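Student: What follows is each chain in one-letter form.
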Amino acid sequence: MNEPDPTRQSRLIYMDHSATTPTHPDVVAAMLPYFTERFGNPSSLYTLAGISRKAVAEARGRVARALGASPSEVFFTAGGTESDNWAIKGVALANRHRGTHIITTAIEHHAVLHTCRYLETQGFSVTYLPVDRYGIVDPDTVREAVTDETVLISVMTANNEVGTIQPIEEIGRIAQDAEVYFHTDAVQAIGFVPIDVDAMRIDLLSLSAHKFSGPKGIGALYIRDGVNIDTFIHGGAQESARRAGTENLPGIVGLGAAIERATSDIAAHSRRIADMRDRLLAGILADIPATYVNGHPVLRLPGNVNVSFAGIDGEALLMLLDAEGICCSTGSACTSGSELPSHVLMACGVDPALARASIRFSLGEMTTAEDIDTVLSVLPETVRRLRALSPVKI
Amino acid sequence: MNEPDPTRQSRLIYMDHSATTPTHPDVVAAMLPYFTERFGNPSSLYTLAGISRKAVAEARGRVARALGASPSEVFFTAGGTESDNWAIKGVALANRHRGTHIITTAIEHHAVLHTCRYLETQGFSVTYLPVDRYGIVDPDTVREAVTDETVLISVMTANNEVGTIQPIEEIGRIAQDAEVYFHTDAVQAIGFVPIDVDAMRIDLLSLSAHKFSGPKGIGALYIRDGVNIDTFIHGGAQESARRAGTENLPGIVGLGAAIERATSDIAAHSRRIADMRDRLLAGILADIPATYVNGHPVLRLPGNVNVSFAGIDGEALLMLLDAEGICCSTGSACTSGSELPSHVLMACGVDPALARASIRFSLGEMTTAEDIDTVLSVLPETVRRLRALSPVKI
Amino acid sequence: MYNDIVMDHFQHPRNGGEITDADAVVEVGSPECGDTTKIYLTIRDNRIEDVKFQTLGCAAAIASSSMATEMIKGKTLEEAWKLTNRQVSDALGGLPEKKLHCSVLAEGAIREAINQYRKNMGLEPWTE
Amino acid sequence: MYNDIVMDHFQHPRNGGEITDADAVVEVGSPECGDTTKIYLTIRDNRIEDVKFQTLGCAAAIASSSMATEMIKGKTLEEAWKLTNRQVSDALGGLPEKKLHCSVLAEGAIREAINQYRKNMGLEPWTE
Ligand SMILES: Cc1ncc(COP(=O)(O)O)c(C=O)c1O
Ligand SMILES: Cc1ncc(COP(=O)(O)O)c(C=O)c1O
Chain A
1 MNEPDPTRQS RLIYMDHSAT TPTHPDVVAA MLPYFTERFG NPSSLYTLAG
51 ISRKAVAEAR GRVARALGAS PSEVFFTAGG TESDNWAIKG VALANRHRGT
101 HIITTAIEHH AVLHTCRYLE TQGFSVTYLP VDRYGIVDPD TVREAVTDET
151 VLISVMTANN EVGTIQPIEE IGRIAQDAEV YFHTDAVQAI GFVPIDVDAM
201 RIDLLSLSAH KFSGPKGIGA LYIRDGVNID TFIHGGAQES ARRAGTENLP
251 GIVGLGAAIE RATSDIAAHS RRIADMRDRL LAGILADIPA TYVNGHPVLR
301 LPGNVNVSFA GIDGEALLML LDAEGICCST GSACTSGSEL PSHVLMACGV
351 DPALARASIR FSLGEMTTAE DIDTVLSVLP ETVRRLRALS PVKI
Chain B
395 MNEPDPTRQS RLIYMDHSAT TPTHPDVVAA MLPYFTERFG NPSSLYTLAG
445 ISRKAVAEAR GRVARALGAS PSEVFFTAGG TESDNWAIKG VALANRHRGT
495 HIITTAIEHH AVLHTCRYLE TQGFSVTYLP VDRYGIVDPD TVREAVTDET
545 VLISVMTANN EVGTIQPIEE IGRIAQDAEV YFHTDAVQAI GFVPIDVDAM
595 RIDLLSLSAH KFSGPKGIGA LYIRDGVNID TFIHGGAQES ARRAGTENLP
645 GIVGLGAAIE RATSDIAAHS RRIADMRDRL LAGILADIPA TYVNGHPVLR
695 LPGNVNVSFA GIDGEALLML LDAEGICCST GSACTSGSEL PSHVLMACGV
745 DPALARASIR FSLGEMTTAE DIDTVLSVLP ETVRRLRALS PVKI
Chain C
789 MYNDIVMDHF QHPRNGGEIT DADAVVEVGS PECGDTTKIY LTIRDNRIED
839 VKFQTLGCAA AIASSSMATE MIKGKTLEEA WKLTNRQVSD ALGGLPEKKL
889 HCSVLAEGAI REAINQYRKN MGLEPWTE
Chain D
917 MYNDIVMDHF QHPRNGGEIT DADAVVEVGS PECGDTTKIY LTIRDNRIED
967 VKFQTLGCAA AIASSSMATE MIKGKTLEEA WKLTNRQVSD ALGGLPEKKL
1017 HCSVLAEGAI REAINQYRKN MGLEPWTE
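Protein chains in written order, with our numbering: chain A, 1 to 394; chain B, 395 to 788; chain C, 789 to 916; chain D, 917 to 1044.
Here chain A stands alone, though its shape is the one from the complex:
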């Protein structure tokens, strides 16, 4: 096996941006004064608190601008998971009198899936739409799944494991025609997929700062004006009395700074990353036989490479790459604790043996052309060695 090279160890090749990103130094710099100096509770009445209120309002404006929304439609949360919980439970419970049916997909993040499973225990019925082998939801299946009882459709903008981008605009139109609320988990999409909540007919949208060089523990839920939704976290009158709790002031400032950076030039940023991604994927396919690409060939996040190397175990490969200073993932980071094959790859119809042989490289801001070269110089030999040690012949 490859010897860990201590000199290389020090240089981290971080290819797990879909799991999380480092907070950009500019974002940290923007946050810092709000820990120690401008620390006032935005709900207080003195001048110091007014500074905090202004900072929150500015950040809200930034998030709104990034989504084509109005600031009064943006609510800060503790992250993508809380946003998903709030959106789905809040709409389901508030509209119970109208119906108890929810439509979602089999490839959603657990924040959506487990919330739906919970609602099933509360008397709701949930349709988990299938996807094709590329991970795409057919809008026709959405239309056909709608019943008189349907109150919510929740389809993610882009998938965290295979990177597939969904036909959100079409699904939004279907939801609008059916007069059903439409929620999209855009946690992976911000900074890569241009969002316009009006053009896309989105009623609710979840996002999380740490996926686009913002801090962990802060996110937002977009709620279109007029959507009937219950409060999820009860208490003080923060966030227009719709989400209680002292505002995470530095986090909110950081989210505002990060989303402005991430969405200022999505096209150029995506192109830069997609170029590297394409080179990485081409190199992998050229140098490593019996490699299978997961997800869609084109309709995918620019930074996502998800491949299966027949005959090996993804986690073993991940650990060997780690020893080379390369960070990547197998399945979603959230499910790495479990031994089950990824529900996303299963839904795409990937053979279980290939699903467990999958690796995700997710490129992002940190990624350099040199990183791609290093991975391409290390990966083929590493796969070869694992395969030599494997009883499965390819």
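What the hints contain is simulated information worked out from the structure, not anything from laboratory work.
Please read all numbers here as calculations on a predicted model, not as lab measurements.
Some hints could be false.
Claimed, not checked - Rough simulated footprint, nothing fancy, chain C against chain B, three-plus residues with beta-carbon under 8 Å:
#: 1; stretch: 697-711
#: 2; stretch: 737-750
#: 3; stretch: 775-787
Said to hold, decoys possible - Restraint ranges, calculated between C-beta atoms of paired labels, are given here:
#: 4; chain 1: D; residue 1: Glu-1044; chain 2: A; residue 2: Thr-147; range: 53 to 63 Å
#: 5; chain 1: C; residue 1: Glu-815; chain 2: A; residue 2: Ser-264; range: 54 to 64 Å
#: 6; chain 1: B; residue 1: Arg-511; chain 2: D; residue 2: Leu-1016; range: 42 to 52 Å
#: 7; chain 1: C; residue 1: Asn-834; chain 2: A; residue 2: Lys-54; range: 41 to 51 Å
#: 8; chain 1: B; residue 1: Ala-763; chain 2: C; residue 2: Arg-835; range: 52 to 62 Å
#: 9; chain 1: A; residue 1: Lys-54; chain 2: C; residue 2: Glu-806; range: 32 to 42 Å
Where a beta carbon is used, it is the ideal one built from N, C-alpha and C, also for glycine.
Given the structure of chain A, go ahead and fit chains B, C and D with the ligands onto it with the hints provided.
Tutor: For chains B, C and D with the ligands alone, kept in the frame of chain A given last:
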């Protein structure tokens, strides 16, 4: 009226520690590496993520030590409000088959009260126990309120407005005897009231870092091993699969650092602050006639001074003090947006005219003897001028 | 929270205090929030020669009393009667939404004081 | 996640590979997680003269195969039969709780290989 003195303006006299505190520079320093360098998602498998996991485990150990709990009983949340929501909804919903009655008090924070009001819409009945004129809950009333249907007693350790400290240990014993779960909102108590969840028979405890020189947007819920509680935020398997969402890594590290600082010498810290508090209160009572103390004379948080100056409006006084660089509050910061008199003062039987005339100074780490002198040099004249302008004669 | 004009009138209220031999004195209170405003008028030749106020209320209430009394000083009773709280809050450069109701008291107190004066003079009180 | 011994055996597995003219070859798989381990034994005078393995599995599974094969090399069949996955994980300095089941495969494969050899020799397979 007093002219704002620009030289003094620059020196902030912060007497609103109960609303929030600045994050201590040492705490910020502890957090910083986790934004930009040690930023790995704790759920990931590579070495970088192991560093994050270790940091989370260390912080969990610190919180556990501060409470006399075991680390496996500590769950990180986004703050006191989420902890209160989780504790109360989680226990109520999980134990619905055992009963649908909850006991709490009239002086809880809105995070508890509004959560209880919500549960009332879900078929639960809630007893809001009265308090005496000092804000103390009589343990006998707790005992008498318990019925066969009672599943949860929630009584705050210390009140945020008047600072009254409750007989938690006695109430804990009553809950234990009655075989009812006992939750306490200790958000204001951490760092001032020594906590031992075993000695105090506490089953669930809420805390929030920004109240003790930690960052905003992070808190914890202590859940005694074996307590039957539903998950509140569904999704990934974080926090032993009981609270989903990518961990707020810098926040968790900050909470750990802050709680260790805050609880390392509660007695000395409290004494130092109580000394200043006593001097402030004595000065106020000596120099300002028709002043009434709210809350308990002795059983109160060391930093809390809550007084009513007959004939004036608390908010007007607050604004004038703000112009002198003095930050304080009238009622709870969370309710300052509303024009209603504080529910806590009302529950203590304070006359509405005196309730609206109340001001809270909450001293803390930042407070110096010089701050006390300044407030005492400014306050009497300020009150006098407002009274001169008031039609109400005292 | 408040703009500079409001803060100025709050911190340096004009016409604060009492008039011992006023021609009209009324006190009005808001049941809603407990604010109370007392208005003292000295009237000569149908004109408000002097006016003073006392207000128990928040910064917005005090600033509104200050501004309203400034606006009616030297005016005829007819002119003073026409003062609206909208004019007061406009003159203050605007008040926060939820503080708008605080500017109502001054206007009401002035009208009541004018009618008190008219009644003292044996005149019909004005209604609108 | 893993200690140094596990990482060493994972990154530098001992006895990895095939034996073309082995006396026993078995492949066992875990239906639970899809791990597969193949064991090759060369046996002389009731002793395991050589052993090789191939494992499709995570780091813990590979390290367990490496350690297990080291532990039986040169041992009599009776001694090798007695090897438990607990001994393997202990020798590795411990495995994470949820990875313990990964160390089971190697032990099972070795026992199956021993019994395969015994059957080839016309002997009764051992049962416990
Ligand atoms: C698609 C998707 N949705 C939701 C989440 C949850 O976001 P967070 O972990 O910030 O709560 C994630 C990431 O973990 C994600 O990738
Ligand atoms: C007693 C009490 N409980 C709960 C809370 C809510 O905590 P947080 O604002 O951190 O959510 C606060 C403070 O706001 C409080 O003082």
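Student: The structure should be examined with respect to each hint, and the outcome stated for every one.
Tutor: Structure-based check of each hint:
1. Check on the stretch 697-711 of chain B: 5 of its residues sit with their Cβ under 8 Å from a Cβ of chain C, so the three-residue criterion for coverage holds.
2. Counting residues of the stretch 737-750 of chain B whose C-beta lies closer than 8 Å to any C-beta of chain C gives 3; at least three are required, and the coverage claim holds.
3. Given as covered by chain C, the stretch 775-787 of chain B passes the check, having 5 residues with a CB less than 8 Å from a CB of that chain where 3 are the minimum.
4. Between D:Glu-1044 and A:Thr-147 the beta carbon distance is about 58 Å. The supplied range of 53 to 63 Å therefore holds.
5. Restraint check, C:Glu-815 to A:Ser-264: a C-beta distance of roughly 58 Å satisfies the suggested window 54 to 64 Å.
6. Checked against the hint of 42 to 52 Å, the C-beta distance between B:Arg-511 and D:Leu-1016 comes to roughly 48 Å, which is consistent with it.
7. Checked against the given bound of 41 to 51 Å, the beta carbons of C:Asn-834 and A:Lys-54, roughly 48 Å apart, stay inside it.
8. Range check, B:Ala-763 to C:Arg-835: about 55 Å between beta-carbon atoms, so the 52 to 62 Å window is met.
9. Hint check: A:Lys-54 to C:Glu-806, Cβ distance near 39 Å, so the stated range 32 to 42 Å holds.
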